[in-house]
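Participant: Sequence:
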Amino acid sequence: MPTHQGKTQTDIVIGDAGDSASEATEFEFVATHAGPGSVQFVDYAPGTDRQFSGYELVVTDVAGSPVATMAARYKAWIDVGTATGKKEIDIQNLFNPAPAGSRPDWPLSPQTSAERVWQTETFDSASNLYAKTCATWQVRTTVISATATVMQTIVDQDPGLLRVHLVYLDGAAVILDVVATMIAATSVTGNVTADPPDVTDTFSP
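Take 1 as the starting number for the sequence shown in this note's numbering and just add one per residue.
Hints are computed from structural coordinates only; laboratory data are not their basis. Keep in mind that a hint or two might mislead.
Stated by the list, open to error - BS3-like mimics (lysine-lysine), calculated; alpha carbons at most 27 angstroms apart, straight line: (1) Lys7 with Lys75; (2) Lys75 with Lys86; (3) Lys86 with Lys132; (4) Lys75 with Lys87; (5) Lys87 with Lys7; (6) Lys132 with Lys75; (7) Lys132 with Lys87; (8) Lys132 with Lys7.
To be verified - Simulated restraints on C-beta separations: (9) Glu88 with Asp61: 39 to 47 angstroms; (10) Ala17 with Gly101: 28 to 36 angstroms; (11) Thr32 with Asp198: 33 to 41 angstroms.
Computed from a prediction, not measured in an experiment: that's the story for all the values here. Ideal Cβ placement from N, Cα and C applies to all residues, glycine included.
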């Protein structure tokens with residue numbers, strides 16, 4: 001069966017004089033599908049100190065008409081408190097095969113959806129907010145056939161990891177199988193301390 005893999009890694013850091021706060025976040029998907037497929041990918045914030053990317057995997061029938069999609073959006077950024085110094089960001093994108101274009105659609109009426117909002121507050125030596133590390137992920141699915149369904153299963157769920165398994169079925173036939181993984185971690189140096197992550201997950205259905 002054809003496969004598609006995509007992974008974006010983002011590292012953002014701010015600080016100086018030995019104090020710093022940084023975040024390392026990822027979005028990854030691994031997909032297998034029965035028919036032809038292609039990926040659309042776009043960086044919505046190129047040249048900035050923020051991560052904002054959009055993805056869409058489209059599976060078609062032999063005539064080229066869409067039968068199923070997996071769309072995702074991934075954001076990561078740092079809100080500054082008392083931290084000084086310039087934010088530094090490094091983004092790495094890996095796809096196999098390469099994206100076919102840069103115009104992903106975003107479904108407004110998805111079959112299923114999964115969303116994670118993640119943030120961690122860090123504090124300076126005087127207990128003032130130093131910086132807040134933030135990230136969000138959204139994963140949405142669609143199917144065209146009225147007889148098709150999507151089974152959404154939460155495989156892993158803890159403050160630093162959310163992994164969702166999506167199986168698209170039309171009768172007994174698997175149209176598309178996707179595992180989407182969202183990872184986040186905060187680290188600090190010097191006199192900076194960090195609270196535990198604040199995480200909100202929302203799933204439908």
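Participant: Kindly indicate which numbered hints from before are broken by the structure, ordering the numbers from low to high.
Facilitator: 10
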